[in-house]
Amino acid sequence: MSEVRLVNVTKTFDAVAAVRNLSVTIRDGEFVSLLGPSGCGKTTTLRMIAGFERPDQGEIYFGDEVVSSGEKNIFLPPEKRKLGMVFQSYAVWPHMSVFDNVAYPLRVIKMNRGEVKETVDHALSLVKLEGLGSRYPHQLSGGQQQRVALARALVMEPEVMLLDEPLSNLDAKLREEMRFEIKDLQKRLGITVIYVTHDQAEAMVMSDRTVVMNEGLAYQIDEPRKIYEQPADRFVADFIGLINFVECEVIDERTVLLKDGTGVHKVECGIGDFNKGERAVLAIRPENVSLGAGPIRGTIKRAVYLGNVLDYRIMMGKIELRVQGEAGVIYNEGEEIDLAIGRCLLFPPQAC
Amino acid sequence: MSSVDDRVPKIMKQGRVAPWLYVTPALIVMSFFIVYPMISTVLLSFRNADSTLPASAACVAGQPCWGIFENYRYALTSSIMLTAFRNNLLWILLMVSGTVAMGLLIAVLADRVRYEKTAKAIIFLPMAISFVGAGVIWKFMYDYGSGKIQIGLLNAILKTVEAPAVSWLTQPGINILALIVVGIWMWTGFCMTILAAALKGVPTEILEAARVDGATEWRVFWRIILPVIMPTIAVVITTMIINVLKIFDIVYVMTGGNYGTEVIANRMYLEMYSSFQSGRATAIAIVLIVVIIPAMIYNIRRFQEQEAMR
Chain W
59 MSEVRLVNVT KTFDAVAAVR NLSVTIRDGE FVSLLGPSGC GKTTTLRMIA GFERPDQGEI
119 YFGDEVVSSG EKNIFLPPEK RKLGMVFQSY AVWPHMSVFD NVAYPLRVIK MNRGEVKETV
179 DHALSLVKLE GLGSRYPHQL SGGQQQRVAL ARALVMEPEV MLLDEPLSNL DAKLREEMRF
239 EIKDLQKRLG ITVIYVTHDQ AEAMVMSDRT VVMNEGLAYQ IDEPRKIYEQ PADRFVADFI
299 GLINFVECEV IDERTVLLKD GTGVHKVECG IGDFNKGERA VLAIRPENVS LGAGPIRGTI
359 KRAVYLGNVL DYRIMMGKIE LRVQGEAGVI YNEGEEIDLA IGRCLLFPPQ AC
Chain E
10 MSSVDDRVPK IMKQGRVAPW LYVTPALIVM SFFIVYPMIS TVLLSFRNAD STLPASAACV
70 AGQPCWGIFE NYRYALTSSI MLTAFRNNLL WILLMVSGTV AMGLLIAVLA DRVRYEKTAK
130 AIIFLPMAIS FVGAGVIWKF MYDYGSGKIQ IGLLNAILKT VEAPAVSWLT QPGINILALI
190 VVGIWMWTGF CMTILAAALK GVPTEILEAA RVDGATEWRV FWRIILPVIM PTIAVVITTM
250 IINVLKIFDI VYVMTGGNYG TEVIANRMYL EMYSSFQSGR ATAIAIVLIV VIIPAMIYNI
310 RRFQEQEAMR
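Going down the list, the sequences are from chains W and E. Mapped onto this note's numbering, the consecutive letters of the first sequence carry residue numbers 59 to 410. Mapped onto this note's numbering, the consecutive letters of the second sequence carry residue numbers 10 to 319.
Worth flagging that the hints you see were computed from the coordinates, not collected in a lab. For every residue, glycine included, the Cβ atom is placed at its ideal position computed from N, Cα and C. Be a bit skeptical, because a hint or two may be false.
[Stated by the list, open to error] Result set (BS3-like, lysine-lysine): computed pairs, CA atoms no more than 30 Å apart in a straight line:
| no. | chain 1 | residue 1 | chain 2 | residue 2 |
| --- | --- | --- | --- | --- |
| 1 | E | K19 | E | K129 |
| 2 | W | K324 | W | K334 |
| 3 | W | K138 | E | K255 |
| 4 | E | K209 | W | K140 |
| 5 | W | K324 | W | K284 |
| 6 | W | K186 | W | K168 |
[Unchecked claim] Have a look at the derived ranges for each label pair, beta carbon to beta carbon:
| no. | chain 1 | residue 1 | chain 2 | residue 2 | range |
| --- | --- | --- | --- | --- | --- |
| 7 | E | W231 | W | N79 | 39 to 45 Å |
| 8 | E | A35 | W | S96 | 47 to 53 Å |
| 9 | W | G97 | E | I138 | 46 to 52 Å |
| 10 | W | F133 | E | L235 | 23 to 29 Å |
| 11 | E | K126 | W | D72 | 15 to 21 Å |
| 12 | W | D369 | E | V122 | 33 to 39 Å |
| 13 | E | K126 | W | D114 | 22 to 28 Å |
| 14 | E | L235 | W | D114 | 55 to 61 Å |
| 15 | W | D369 | E | K126 | 51 to 57 Å |
| 16 | W | D369 | E | L235 | 52 to 58 Å |
| 17 | W | D72 | E | P46 | 57 to 63 Å |
Construct the entire structure; sequences and hints are all you get.
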């Protein structure tokens, strides 16, 4: 059973709660990413699963076994947890060759030499590093070192693998390549993976489910698509992708009123739990505003050509909207344009 | 190319002479206090006891004579010097391994406890005492009274368990070990400090990666930590070898070099200021320098390597 379960886990450092009441079940063979801004607690959570930190409250289960418990004082040290882990800085041992690095966990369990060679060669071929066994880490590029770390984590055929922002030190193109490779490997080998990242694109591309975290709390645990299209919360909506927030008032079951400082506009939007007359915040993604025809008139304040899309800042009265238009039709700065607001969401007005 | 030169303001250009003017004061001090004494020492080693005649004047008929190197013959082959060499070798083997091993052990252990700073301060404290002070303290520790009353700490302990008192400093065999213990007591703090700093420089993630892969603490220490700090250990060892070769105070204060405990530096001192044999003393000094040179070269090379790695 390679299911990992966190139940109400809390961890505090010097009166600052790094992780608060986190509960999540990572199923067998699932790829779950922990996504959030710096300091949100994702790395602390990963380290608690690995056993480098102990939760102050709550329990962590591997399958049915409790590996860490805050209250009951149970703790299984990292060397007994049978995990594979890849660190952000790769953590390959500089004084050992690539072969020795990958062979290390096998030698710890005293595997015989013939088997070691076979297993290491297999692991190196999985990450496409065949033939580089006798090189030393300082003779390899960053990407290659990362693959060594990956091979070392895979060589014991772990059921659960933990990755802590493994691609942050790589250049953009390599990062993209490695994303697909890692995801590919995971699917092929059926490993449960817990992946920490602050890069949304990574989380979207690779995960089966994503845990969006901020300040120690999990805001939403869902498939990437649901997180993007149905964010549970203003923070999630803001953190994932681009979004516009406009204050509005609910008029009836399907309509809200926008006051833009010069006039009012009615916008069709599902109002969910809101009541008539309530104030709310309308959230619109840039690609959900259609240009060229529509009930609202705006002026183009800025247009940036990005190749595949155009990034516009459009003034709707005194409100500035960020809109993405397709590359086929180009509107220029200063032009007046009609627009229509498509899919949108409502959130409560900000507490402050 | 000269156009670059023209653009540099005149005040920043240095002539050929200027650098020499800056260095001259240091050069004067160095030649007076280092270069001149060195040359003088070498010259004296080729002359006899009161430097009136060349060293060959000390030759005795019927015995081997090295001519002008007569003093070196004494320094290298006389039985007194051979004892001193043997003792120095013992000192090097035991004190260097003792201080480095103890220093490493304490550095590793102190790293893991809450009272780390206190522990390290206590271990380092003996280094703050002068060698002479240490010699006096330990002389009391090792004191042997021929009567019933033992004022030395060790012998007092032995007395309470009904064991016979030991004359630590005069018994051959034990006395050298007793002196080396004092040396280790003094210098462990030095090794510990440097090795503790090296330990803290090992990236934690490397250790965590080893633990996640199933390694026990013992394995982590021998296979990961030790190889990574090996360059520092090498520097510490060579520095300690140089220190040990110069040992003088401990031996002089505690036994005066008697009872077979003499080391090279002691002999040098006694030849110069007791026997007034300046030729022999300077020859011994030169021998000591020659022995230290390889260790120094190794040390400097290692240090430069480390600097280059930054």
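Consistency of the hints with the structure:
1. With a CA separation close to 54 Å, the supplied pair K19 (chain E) and K129 (chain E) exceeds the 30 Å bound.
2. For the hint linking K324 (chain W) to K334 (chain W), the alpha-carbon distance of about 14 Å falls within 30 Å, and the restraint holds.
3. Distance check on the hinted pair: K138 (chain W) and K255 (chain E) sit about 50 Å apart at the alpha-carbon level, beyond 30 Å; violated.
4. Taking the CA atoms of K209 (chain E) and K140 (chain W), the gap is about 27 Å. The hint holds against a cut of 30 Å.
5. This hinted pair checks out: K324 (chain W) and K284 (chain W) have alpha carbons roughly 27 Å apart, not beyond 30 Å.
6. For the hint linking K186 (chain W) to K168 (chain W), the alpha-carbon distance of about 26 Å falls within 30 Å, and the restraint holds.
7. Here the CB-CB span from W231 (chain E) to N79 (chain W) is close to 42 Å, well matched to the stated 39 to 45 Å.
8. The supplied range of 47 to 53 Å is met by A35 (chain E) and S96 (chain W), whose beta-carbon atoms lie about 51 Å from each other.
9. Distance hint check for G97 (chain W) and I138 (chain E): the Cβ-Cβ separation is about 48 Å, which falls inside the suggested range of 46 to 52 Å.
10. In this structure, F133 (chain W) and L235 (chain E) meet the distance hint of 23 to 29 Å, their C-beta atoms being roughly 27 Å apart.
11. A C-beta distance of roughly 19 Å is found between K126 (chain E) and D72 (chain W), which places it inside the suggested range of 15 to 21 Å.
12. At about 57 Å, the beta-carbon gap between D369 (chain W) and V122 (chain E) misses the expected band of 33 to 39 Å.
13. Between K126 (chain E) and D114 (chain W) the C-beta distance comes to about 26 Å, which sits within the given range of 22 to 28 Å.
14. About 34 Å separates the C-beta atoms of L235 (chain E) and D114 (chain W), a value inconsistent with the hinted range of 55 to 61 Å.
15. Separation of D369 (chain W) from K126 (chain E) is about 56 Å and conforms to the stated range, judged on CB atoms against 51 to 57 Å.
16. Our hint of 52 to 58 Å for D369 (chain W) and L235 (chain E) holds, since their Cβ atoms are close to 56 Å apart.
17. Taken as a hint, the range 57 to 63 Å holds for the pair D72 (chain W) and P46 (chain E), whose Cβ atoms sit roughly 58 Å apart.
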